[in-house]
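Build out the structure end to end from the sequences listed, making use of the hints.
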Amino acid sequence: MQIGQQSASEDQHNWICPDISPYWQLSQLGSTKQYILRSRHDNRHIPLSPAEVYALSHFTGIFTVTQIQQLCQQKFGSAIAPHFVVELLQKLINIGILTSNESITPKLPISDSQQRNLQHSNSPNLQLKSCIQWIPHADGYWILRNPEDVTFLQVDSQSKAAINQLGKHPPADIAKQNNLSLHQLRYLLQLLTATGMLAGTKPAKPPKRKFTPLQLLFFKVPLFNPDSWLTQHIHKLHWIWTRPFALILCFFLAFSLAISLSQRPEIILTGQQLVANQGASLMLPFALLAMLVVTLHELGHAFTLKHYNGIVPEVGLLFMFLMPAAYTNTTDSYCLSRFKRILVVGAGVLCQLIIAATAFWLWQFSAHWLATTNYLLMVAALFTIALNLNPLAKFDGYYLAVALTGINNLRSRSFQFYGNLLRGRPNPETSHNSLILATYAPFSFLYILLVFGSIFTLVTNWTLTNIPFWTATLLTIWAIYYYFPQKQAGEHRSGGAGEQGSRGAGEPGNKSLRAPLRKPLRTSAFKKNQTITPPNINPPQSQPLNSKINMNASQQTPSLQVVPPSTKPTPSNPPTHRLQRFALLGTIATSLCLISLIPTSFEVGGAVELQTREGAREVIRAPMPGVVTEIHVQPGETVQPGQILAQLSSLDLDREIAATEHQLVQADQILDTTRKQRIRAEAQLLEVQAVAEAMQEKTRRESLRATAITQGQLTPEIQVLDTQRQRLQERIPELEEKLQRYQQLYEQGAISRNRRDEIESELRDIESSLAAKTQEINAAQQNQTDTASDLQTETVSQLAAIDASQMIATAESEMMTQQKAIATLKNRLSQLKTLRENLTLRSPMAGVVLTSDLDLRKNQELKPGEDFLLEIAELNELTATVDVKEEDLEYVELNKPVTFRPRQAKLRPYSATVKRILPKIQNEPSQPQRLARVQIFVNNSDGKLYPGATGYAKIWSERIPLYQRLGRELMRLVPLERFLWTETEQ
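Letter by letter, the sequence shown follows residues 27 to 1012 of the working numbering.
None of these hints come from the bench; they were simulated from the model.
Every residue gets a Cβ at the ideal spot worked out from N, C-alpha and C, and that includes glycine.
Do not take every clue at face value.
Below, in silico cross-link-like pairs of lysine-lysine (DSS-like), each with a Cα-Cα straight-line distance of 30 Å or less [to be verified]: (1) 231 x 186; (2) 155 x 234; (3) 59 x 117; (4) 228 x 194; (5) 155 x 194; (6) 202 x 186; (7) 922 x 911; (8) 889 x 852; (9) 366 x 262; (10) 101 x 117; (11) 246 x 234; (12) 228 x 186; (13) 724 x 799; (14) 155 x 186; (15) 702 x 846; (16) 366 x 186; (17) 117 x 202; (18) 202 x 155; (19) 101 x 59; (20) 236 x 246; (21) 922 x 946; (22) 155 x 228; (23) 859 x 884; (24) 941 x 970; (25) 970 x 884; (26) 852 x 702; (27) 246 x 366; (28) 155 x 366; (29) 246 x 231; (30) 764 x 799; (31) 922 x 941; (32) 246 x 228; (33) 889 x 859; (34) 231 x 155; (35) 859 x 846; (36) 228 x 202.
Ranges of calculated distance between the beta carbons of each label pair, as one might list FRET restraints [said to hold, decoys possible]: (37) 349 x 884: 42 to 52 Å; (38) 314 x 64: 51 to 61 Å; (39) 243 x 64: 27 to 37 Å; (40) 458 x 931: 43 to 53 Å.
Have a look at this one:
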């Protein structure tokens, strides 16, 4: 049906002009300034006039034919024909860019015979399936429900009346009775066929597309249909949705919330203790309990939908960012009222709240491992609730927002709202919805940017750090696969439109129809649930899979769709096409061969952590136990040799210095006393020596006199006595002779007796005097001898006194001992003062202070050899150890260049050099492969790298052709040494 034949039809002016930008691009030739419409997929282009360019710029899926006609007339005035846009549409249809009634479905040309059959036939194939149900919606539209295939259509009352007459009246009569054109009726039939509403039809499957890496972010694996199992058990749980149970549940949750808030410090403390004591060992039980919570969460959705007589056709696994999860298809909830939809969406969250509250009370009254399990279950439930209620991600929070606001497709419509606003297009939303959409879109955009930006950053960083070469290789292979031409449907066919018209809507040659409501409704945290996207009540341009049908001419009825370039009929020319393929393959093969000869640098490396270099670092320790009193530097400060770093104090050292000084004073006093005693002893010694000399002289004289006496040399005193004795001896003979005469005379009587007695008495007196003199002489001699002996004895005593002077020498020795003690004390005091000076810690080298939190070291006691105060290192050159696989060690040589990219500045590489290959292969149990350790020195002349910084180091080996590097990379991945051996080994 040509547009020229329908130019008088009023509904044409209400058609929505589709968005042509996915397949076609407006551009201008640089040389001729000619405007053209260029295909994005091949070399086709169509010349255009400025008016046609202006009109096509509004083909965005929003404006109708009438609106674009008015805009063109405003722009160009009377130069625009009254049917300019209609004629432009006809031109686009004629050249195969557009097809009528294709805003959703592919081009389905109808032959004249088919047109007559459509007008007059009453084929039973145009009857609805017996299971089809009509469900009125509060918003004024009808939902056509297909429980067999779980598909839906949202239609207005006029379309409902036309659908109900199918199979009862000829199509021409149905169209006439409901004020529809055959064109519109055909479009309605195509939608019914695409969704499997008609008897003998099945929903069309989406076309199989080529694999893209983005599919790894999200894909699903259906498992089974749980609907029959849910139907068997739902009658056991009907009491859950009763009002008494709801009141009891509200009271239980409110009471649990109040008690848990009052015990919040204890709950937080328990979590901190579990993390501190068990750490990473909690991850596995936490994940298992979280999966249990998620399973019960999904059962909550499914049973609630089943309670309202809904259908749950599918459950399965999904992988979001390669993390396994689960989903439940609850599409049928869109046939429910808004309140029941809210209950279906919120049932999962309510299950999580019940689990959290129950686990809280079990934790209160359990102990040991059971208490830990209940605590982890409570935390897992609360954690999944927090993730699940996020309205910015398509979890339950998002679909609750959709149900509460009544704005289906909230995210896409909010973005479309700003798109219309920025492009100056009319806004089809109500003022109430516009406010919600304007608020939601910025937050959703920032969330998407944050999440996908973080994922992109992490994936890019990991791949470029660990497998850059293989990443580039795989992306190249994928690009060749993805952009390599493939045989399109309808290729090598003849017959043109007539043959295409013979194909049904679900055949491969056409753009297959998707069930309009087969997109996810909601996605739970920790997983995604494939439940169903609500029917789109927006204009078709906001959702290409829109199913809303309104055949009323006063509304914007979709009537046109862009034909993809691949579906454009092309004349068959197999030989030429084969030659083109061979030429393309040859070009690709030649290009790959040339590319394989490109020299590339082969490198090995891995993640490293920077450290300070040996010989360029110092640890400042206390020389003796002490307390830090002052710190004069800050972390990161550059210090010079001799600069004061900190001041320590030692109470024991101060006490020892005071005691040593006191002992030194006492030793000085003793030395002074000893010195004075020596002086006195020396004076006394001189005096004693003088007396001794005098006594010796006297003794000598007395000894000489005694010797002379013994030799007969009498002293004058003895000589006097000896003279007197001699005189007495001389008188004795005289007196004896006289006595004899007197005796004779007496006898003779000559004399008297008295006379004789007188002479005899005188003789006796003389003899007595002689004896006395002799005795006196003897006594004098003995006295002289005794005097000499006494003098000699006294001389010996004096000499003994002189021997006592040796005590002076002893005193001098004592004095010398004290002097030595004083010297020792002074030396010790000097050492102690040196130690006290050493308590002022100074920098031994120029460098940077690496130790942090120096303020916390103040007033801290340090012990020598155990504690250190701070670390200083030169940062002009840092070192790192690269773990190289054993099989890559042959590519590493000393002094080879190295590129180091730190995580803090990935785009700024630092130069480094291989300095040492440690002579031992590491075989650590934590590593699956044996590793060699290579030490590198990193140039840090700018001082922006610090010890502890991590990054990736690449050791450059040599420049080799790309094919050779690919072989090496393959050998690094595949253990070929297991399959290669020599004949000797055999």
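Status of each hint after checking the structure:
Taken as a hint, the residue 231 and residue 186 pair is honoured in the structure, with Cα atoms around 25 Å apart against an allowance of 30 Å. Under the criterion of a C-alpha separation no larger than 30 Å, the hint pairing residue 155 with residue 234 is consistent with the structure, at around 28 Å. Taken as a hint, the residue 59 and residue 117 pair is honoured in the structure, with Cα atoms around 22 Å apart against an allowance of 30 Å. Proximity of residue 228 to residue 194 is assessed by CA-CA distance (about 22 Å); at most 30 Å being required, the pair is judged to hold.
Proximity of residue 155 to residue 194 is assessed by CA-CA distance (about 14 Å); at most 30 Å being required, the pair is judged to hold. A distance of roughly 15 Å separates the Cα atoms of residue 202 and residue 186; the hinted pair therefore holds under the 30 Å criterion. A threshold of 30 Å between alpha carbons decides the hint, and for residue 922 with residue 911 the separation of about 17 Å falls inside it, so the pair holds. For the hint linking residue 889 to residue 852, the alpha-carbon distance of about 27 Å falls within 30 Å, and the restraint holds.
Of the pairs offered as hints, the one joining residue 366 and residue 262 holds, with about 20 Å between alpha carbons and a cut-off of 30 Å not exceeded. At roughly 21 Å between alpha-carbon atoms, residue 101 and residue 117 fall within 30 Å of each other, so this suggested pair holds. About 15 Å separates the Cα atoms of residue 246 and residue 234, which keeps this hinted pair within 30 Å; it holds. Distance check on the hinted pair: residue 228 and residue 186 sit about 20 Å apart at the alpha-carbon level, within 30 Å; holds.
Between residue 724 and residue 799, the direct Cα distance comes to roughly 28 Å. Compliance with the 30 Å bound is thereby established for this hinted pair. Taken as a hint, the residue 155 and residue 186 pair is honoured in the structure, with Cα atoms around 15 Å apart against an allowance of 30 Å. Distance check on the hinted pair: residue 702 and residue 846 sit about 18 Å apart at the alpha-carbon level, within 30 Å; holds. Restraint check for residue 366 and residue 186: satisfied, since their Cα atoms lie roughly 24 Å apart, inside the 30 Å limit.
The straight-line distance between the Cα atoms of residue 117 and residue 202 is roughly 29 Å, inside the 30 Å bound, and the hint therefore holds. With a C-alpha separation of about 24 Å, the suggested pair residue 202 and residue 155 falls inside the 30 Å cut-off, and the hint holds. Restraint check: the Cα-Cα separation between residue 101 and residue 59 comes to about 20 Å, which is no more than 30 Å; the hinted pair holds. Among the hinted pairs, residue 236 with residue 246 is consistent with the structure: their alpha-carbon atoms are about 16 Å apart, no more than 30 Å.
For the hint linking residue 922 to residue 946, the alpha-carbon distance of about 20 Å falls within 30 Å, and the restraint holds. For the hint pairing residue 155 with residue 228, the CA-to-CA distance comes to about 11 Å; that is within 30 Å, so the pair holds. Distance hint between residue 859 and residue 884 is fulfilled; the C-alpha atoms sit about 23 Å from each other, no more than 30 Å. Simply put, residue 941 and residue 970 have alpha-carbon atoms about 22 Å apart, close enough for the 30 Å limit, and the pair holds.
Taken as a hint, the residue 970 and residue 884 pair is honoured in the structure, with Cα atoms around 28 Å apart against an allowance of 30 Å. Restraint check for residue 852 and residue 702: satisfied, since their Cα atoms lie roughly 23 Å apart, inside the 30 Å limit. Among the hinted pairs, residue 246 with residue 366 is consistent with the structure: their alpha-carbon atoms are about 27 Å apart, no more than 30 Å. Taking the CA atoms of residue 155 and residue 366, the gap is about 27 Å. The hint holds against a cut of 30 Å.
Taking the CA atoms of residue 246 and residue 231, the gap is about 16 Å. The hint holds against a cut of 30 Å. For the suggested pair residue 764 and residue 799, the alpha carbons sit about 23 Å apart, so the restraint of at most 30 Å is met. The hinted pair formed by residue 922 and residue 941 meets the criterion: a straight-line CA distance of about 8 Å does not exceed 30 Å. Distance check on the hinted pair: residue 246 and residue 228 sit about 22 Å apart at the alpha-carbon level, within 30 Å; holds.
A C-alpha spacing of about 19 Å is found between residue 889 and residue 859, which places the hinted pair at or below 30 Å, so the restraint holds. Proximity of residue 231 to residue 155 is assessed by CA-CA distance (about 19 Å); at most 30 Å being required, the pair is judged to hold. Annotation: proposed proximity of residue 859 to residue 846 holds, straight-line Cα distance about 20 Å (limit 30 Å). For the hint linking residue 228 to residue 202, the alpha-carbon distance of about 28 Å falls within 30 Å, and the restraint holds.
Under the hint 42 to 52 Å, the C-beta atoms of residue 349 and residue 884, about 48 Å apart, fit the expected range. At roughly 56 Å, the beta carbons of residue 314 and residue 64 sit within the given window of 51 to 61 Å. Residue 243 and residue 64 have their C-beta atoms about 32 Å apart, which keeps the hinted 27 to 37 Å range intact. The supplied range of 43 to 53 Å is met by residue 458 and residue 931, whose beta-carbon atoms lie about 49 Å from each other.
Checked against the numbered hints given earlier, this structure breaks none of them.
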